[in-house]
Amino acid sequence: MAYTEEELKKELENKEYEYGFYTDIDSDTFPVGLNEEVVRRISQKKNEPDWMTQWRLKAFEAWKNMEEPDWANVQYKKPDYQAISYYSAPKKKDQYKSLDEVDPELLKTFEKLGISLDEQKSLTGVAVDIVMDSVSVATTFKKTLAEKGIIFCSISEAIQEHSELVRKHLGTIIPIKDNYFAALNSAVFSDGSFCYIPKGVRCPMELSTYFRINQAGTGQFERTLVIADESSYVSYLEGCTAPSRDENQLHAAVVELIALDNAEIKYSTVQNWFPGDKNGKGGVYNFVTKRGICHNNSKISWTQVETGSAVTWKYPSCILKGNHSIGEFYSIALTNNHQQADTGTKMIHIGENTKSTIISKGISAGQSQNSYRGLVQVHPKATNARNFSQCDSLLMGNHCGAHTFPYIEVKNKTAQIEHEATTSKIGEDQIFYCNQRGIDSEKAIALVVNGFSKEVLNKLPMEFAVEAQKLLEISLEGSVG
Amino acid sequence: MLTIENLHAKVEGKQILNGIDLDVKAGEVHAIMGPNGSGKSTLSSVIAGHQDYEVIQGTMLMEGQELSDLSPEERAHKGIFLSFQYPIEIPGVSVTNFIKTAINASRKAKGLEDMPANIMLKKIREKSALLEIDSRFLSRSLNEGFSGGEKKRNEIFQMAMLEPKLSILDETDSGLDIDALKVVANGVNKLRSKDNAVIVITHYQRLLEYIVPDFVHVLWEGKIVKSGTKDLAIELEEKGYDWIKEMA
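So the protein lines, in turn, are chains A and B.
Counting from 1, one number per residue, gives the positions in the first sequence under our numbering.
Counting from 1001, one number per residue, gives the positions in the second sequence under our numbering.
Simulated from the structure, these hints should not be mistaken for lab results.
Beta carbons: idealized from backbone N, C-alpha and C, even for Gly.
Careful: at least some of the hints might be erroneous.
Beyond 12 Å from chain B on every Cβ pair, some chain A residues (computed) [claimed, not checked]:
(1) V38
(2) E67
(3) A83
(4) K148
(5) Q367
(6) D392
(7) N412
(8) I426
(9) R437
(10) P461
With a straight-line Cα cutoff of 30 Å, these simulated DSSO-like cross-link-like pairs (lysine-lysine) come out [said to hold, decoys possible]:
(11) B:K1223 to A:K443
(12) A:K470 to B:K1025
(13) A:K425 to B:K1010
(14) A:K425 to B:K1108
(15) B:K1108 to A:K470
(16) B:K1165 to B:K1110
(17) A:K143 to A:K168
(18) A:K321 to A:K148
(19) A:K454 to A:K177
(20) B:K1223 to B:K1245
(21) A:K443 to B:K1110
(22) A:K454 to B:K1123
(23) B:K1223 to A:K454
(24) A:K278 to A:K77
(25) B:K1165 to A:K443
(26) A:K454 to B:K1100
(27) A:K148 to A:K64
(28) A:K470 to A:K346
(29) A:K454 to B:K1108
(30) B:K1122 to A:K470
(31) B:K1110 to B:K1182
(32) A:K470 to B:K1110
(33) A:K425 to A:K381
(34) B:K1110 to B:K1194
(35) B:K1010 to A:K443
(36) A:K321 to A:K177
(37) B:K1122 to A:K443
Given only the sequences and the hints, what does the whole structure look like? Please build it.
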């Protein structure tokens, strides 16, 4: 029987499915490439309602017509977006009810990374929502939180079970067309966290999410949405560790924070993606969009310790829309070897009597380049807006660079803006002084760096501060000499 | 304890020490005096192991071990302490945190666990009282914004905490008023024992009235040209250094 052209085409399509993602149940990883169909499939995989699928498709359409930004002070080979797989899940697809059900191998990996869930559970009282390769595999403390009416779950789950809440807020702070990476994330985000604190509730524990890239060649597109309803409070911790990788990996997360009237959100990040090896080979590209909105009398604090990634492009920002609202940004960005970081913040003063504080500490070692880029914008109606910015740079050796790009736009005469900046170098005399007291050079550098970073480290929750301090030490290992 | 023989050393290509001989035994206090540029501070830097200083000849044995083979921190672990003429600032690191780190680094080198916090605290209280140091001072950033007197007092506080075998006080008296000088000297004296030794490097005899040396050495052009007892210091105070120079 002769095939018509139409039938042949159909069969080929089906064949492609056979060897493509449709029948590839074992690995549960999509083949590389990005098109409308892939976006649909991601949405389908996650059983999303139609509005979500349409939202993703709209984002994909927008992304297709956008160009990758190149204004940041970083140089890298632009990723081939068609050479990336956009979905990957651990083999066990089920949501675990308790830790006992989790693959022991997986738990071992977490332990190696210092993220023992048991320990976390019993010692720190931190509820952990782990995202491993895009699918949530463990959620703890849910019950305690539920009693207070707090919702803390994966964004996938939230889309299913709190659809209206998500639909109302998703993309309101960072619209799908906001920028290239945000558009990409909106189209293909695989998972992430969702958090809602009801009116008047003070979240009794630090909420924590650990991210980790697991499978080589899989881009990670996390989506986080935190909503603090009126007069509520939440402290949210986000930490990343990634094992060594030989190839570049793309990470383009989006985080949206909403602080309604009188609410407060503290968002702390310790970022330690694989920075590449000593020669600058490999490493994660971290292109993140983080932004929060403050309504009347509310407050958002971003605290970040950035030690990882080959290339970082990240500006956690605050829109101070409400009167008397407060935005804070505390940052330590450490770069070593061939790492490049372009990071900072935007403080957009719209409401009256709004206040913002920026403390940025950049530490550069090896041949790395470290840039602070910040914008303080005061709108015409933002009477009595105040900002204080302090950007300090610490250099180690003669081959690294520290750069500061502060932008200030003021359209209201009553604004008070202060900017301070310092640059210093770790001196041989400091190291020798420590040596003479019995402290070796590596530890001496850690001491100087910790002293330099103290103002920001102090802003982190206790257990996180200890971890961050260790991370700074580890990241500078071998940079002496 | 410390035996230096025929020590020659240079810094930035310039030879400063030209054959130093010095033998310091446990329980002794040695004063090294001399005019500016005679090599006093170089000697202390060489003993402590500053990387800019190169030993070109001679030996420095600390309890039988050649110091040139050891890094500065290893020398510190062996019990060598240098009170700096110009103590260094480390912003954001408190006096307490710094001394804690130093003590635990030395303990680690000896295979010991970190000092328990309560013992550390007790020791800090005890030694800061000895040097009349206010507790608020301990939480300040190391040497940042300290007055000259505070810096020197802090050096001796660290010495008291670390309990070194051999302490080298490099111009500890400079920048001190008489009251601070007495406090510092009193601190040093209380720390003296039959098991440790002190080398006092100074311009003036003033400090030696309070820290009484067993031996006084005069350094000139990188060599010890005259040694004696504390009377030598008094003689120098009266006659100046010129007669020594002529003699040499």
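In ascending order, which of the hints set out earlier in this document are inconsistent with the structure?
The structure breaks hints 6, 8, 9, 11, 12, 19, 23, 27, 31 and 33; every other hint is satisfied.
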